[in-house]
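Take 1346 as the starting number for the sequence shown in my numbering and just add one per residue.
The hints are simulated quantities; they were obtained by calculation from the structure and are not laboratory data. Glycine included, every Cβ here is placed at the ideal spot set by N, Cα and C. Errors might be hidden in some of the hints.
As the list claims (entries may be wrong) - Cut-off 20 Å, straight-line C-alpha distance, at most; resulting in silico cross-link-like pairs (SDA-like, lysine to any residue):
(1) K1348 to G1504
(2) K1348 to F1527
(3) K1348 to V1534
(4) K1348 to V1561
(5) K1414 to L1612
(6) K1348 to E1546
(7) K1348 to T1475
(8) K1414 to L1535
(9) K1414 to V1542
(10) K1414 to R1545
(11) K1414 to R1568
(12) K1348 to L1496
(13) K1414 to L1351
(14) K1414 to F1616
(15) K1414 to A1352
(16) K1414 to D1478
(17) K1348 to G1476
(18) K1414 to V1534
(19) K1348 to D1478
(20) K1348 to L1538
(21) K1348 to A1567
(22) K1414 to L1538
(23) K1414 to I1403
(24) K1348 to P1547
(25) K1348 to A1472
Stated by the list, open to error - Derived Cβ-Cβ restraints for the label pairs, each shown as a range:
(26) G1758 to G1617: 27 to 33 Å
(27) L1667 to R1698: 43 to 49 Å
(28) G1661 to V1577: 35 to 41 Å
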Amino acid sequence: MWKTRLAFGSPDLALSLLFATINGWLLFYLVTILDIPPLLAGAAFIFGRVLDGVLDPIIGDWADRRARKPVIGWALPFAAVGFISLWIVPALFVTPGSAAMATGLAFGIFALAYSCVSVPRLALLPAVVTGYDARTGQASVDMGFVFVGVLVASVAFPGAIASAGGGTLAASEPRVWMAAAFGLAALAVLAYLPFLVLIREPAQTSSAKPRPKPWVTLVDLARTNGAVPTLVLFAGTVLTLVTLQSILPFWLDRGPGLSAGGQSLVLLIVFGSTIGSLPLWSMLAGHLCKLRCLMVGIAVLLAGLAIAMTLPVGSGLTQGLLVAAAFAGAGAGALSMCPWAMIPDVAEAHARRLAAAVEGTASAAFTMTNKLAVALALFLNSVSLNVLGDQDNLSAVWPFLLLPGILAAVTLGLAGAMRVSRLPGLDRSSDTSI
1346 MWKTRLAFGS
1356 PDLALSLLFA
1366 TINGWLLFYL
1376 VTILDIPPLL
1386 AGAAFIFGRV
1396 LDGVLDPIIG
1406 DWADRRARKP
1416 VIGWALPFAA
1426 VGFISLWIVP
1436 ALFVTPGSAA
1446 MATGLAFGIF
1456 ALAYSCVSVP
1466 RLALLPAVVT
1476 GYDARTGQAS
1486 VDMGFVFVGV
1496 LVASVAFPGA
1506 IASAGGGTLA
1516 ASEPRVWMAA
1526 AFGLAALAVL
1536 AYLPFLVLIR
1546 EPAQTSSAKP
1556 RPKPWVTLVD
1566 LARTNGAVPT
1576 LVLFAGTVLT
1586 LVTLQSILPF
1596 WLDRGPGLSA
1606 GGQSLVLLIV
1616 FGSTIGSLPL
1626 WSMLAGHLCK
1636 LRCLMVGIAV
1646 LLAGLAIAMT
1656 LPVGSGLTQG
1666 LLVAAAFAGA
1676 GAGALSMCPW
1686 AMIPDVAEAH
1696 ARRLAAAVEG
1706 TASAAFTMTN
1716 KLAVALALFL
1726 NSVSLNVLGD
1736 QDNLSAVWPF
1746 LLLPGILAAV
1756 TLGLAGAMRV
1766 SRLPGLDRSS
1776 DTSI
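Let the sequences and hints guide you as you build the complete structure.
The following block contains the structure:
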């Protein structure tokens, strides 16, 4: 069982390495290293990220019509090359406009390949991992790989570049970034190999009913019990996590006033608490259900944010900060694991209702939502930072954490409403496999 779980989860290391590195560092690279104006660089970034999300349902439907593992196998090298090209292609052009256009084109090619390696794999989950509790356990393993990838992208990737580039990221040469991108791409390919070698794809059952069109399959999700509320809940958790993740460096700098070393320690505590909490959340979801487990996790996250908001400016690396980081990290584990564990339940229910292999299209609705929510979260944070302005002379910087706190509270309220309404498809009572 554990061999299958680890083999199926290993691609999440690859996917999170690529996804988190692009989200965290591509815009910095374009603006700071290549001197592309922020507006042009941002336009290229948003174009690529939105295209990445829009392609998911198309790829999901295409993969549903054929064997999924071969699609992943031939697309994987293109995803690796596409990722590397994002760091090489813009540097080949002299004018900022042409560099931005080339970046958008390279991002589009990468987005197509990335969707081909990510969506078909997620579509396999309902068939490979059967049972409500088994999928929760698989999600905890998947999220462990995800956060290891995010940790590498957030700490090791810039650390290696700074070390090779003379100690600072801003002074590093483009070739150093290109070399680091090549290393990450190679690691991502290696992380996919256990899945390609060890996971067997079950044969798809044929249906006498005509296959629905992809847009019909997507729209028809509204008729599958619990699908739309789960999709909205999923979006809420993504918005909460990404707004918190992207605003955290600003708050650590302007709030407690930590050095780079202190910030790294806090981030390690956050990620360590997240990864360490995953088995506990999986166990709790087995005793309760994924929805109630998620509600507990949001409450833990809100407790961490509340503690952080009380810390005075310039307080440094205090015990309160460490406790807040541990609480926020542990709560983030539930927000990461539980919604992703709900996806195969919804995909299986949708495919069973339509009597057709539409797991890829149904799963793509969630991956598309994930990518669009990430783009929206980054935009909301940019607006928030613009509104807050220069906080250096203020006595408190808790407003930096206000947006993720509000989003977490709204998501908790939505989860509570879903629990009170007892929508079908949200707990193990709807699982026909046990």
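>> For K1348 and D1478, compute the direct alpha-carbon distance and say whether it is at most 20 Å.
In response: It holds: about 17 Å lies between the C-alpha atoms, which stays within 20 Å.
> Are the Cα atoms of K1414 and L1351 separated by 20 Å or less?
Replying inline: Status holds; Cα separation ~17 Å.
> Taken at face value, is the distance from the CA of R1568 to the CA of K1414 at most 20 Å?
Replying inline: Distance of about 29 Å is beyond 20 Å: violated.
> Are K1348 and V1561 close enough, with their CA atoms no more than 20 Å apart?
Replying inline: violated, 37 Å
> Given the hinted pair K1348 and G1476, is their alpha-carbon gap at most 20 Å?
Replying inline: holds, 17 Å
>> K1348 and P1547 were given as a pair; does the straight-line alpha-carbon distance stay at or below 20 Å?
In response: Holds, at about 17 Å.
>> Does A1352 sit within 20 Å of K1414, going by the straight-line distance between their CA atoms?
In response: holds, 13 Å
>> Does A1567 sit within 20 Å of K1348, going by the straight-line distance between their CA atoms?
In response: violated, 36 Å
> K1348 and L1496: Cα distance at most 20 Å?
Replying inline: Violated, at roughly 23 Å.
> Per the hint of 35 to 41 Å, is the separation of the Cβ atoms of G1661 and V1577 within bounds?
Replying inline: For G1661 and V1577 the Cβ distance comes to about 40 Å; the hint holds.
> Is the hinted pair K1348 and T1475 satisfied, with a Cα-Cα distance of at most 20 Å?
Replying inline: Given that 20 Å is the threshold and the Cα spacing comes to 15 Å, the pair holds.
> Quick one, are K1348 and F1527 close enough, alpha carbons at most 20 Å?
Replying inline: Status violated; Cα separation ~28 Å.
Of the numbered hints listed earlier, those contradicted by the structure are 1, 2, 4, 5, 11, 12, 14, 16 and 21.
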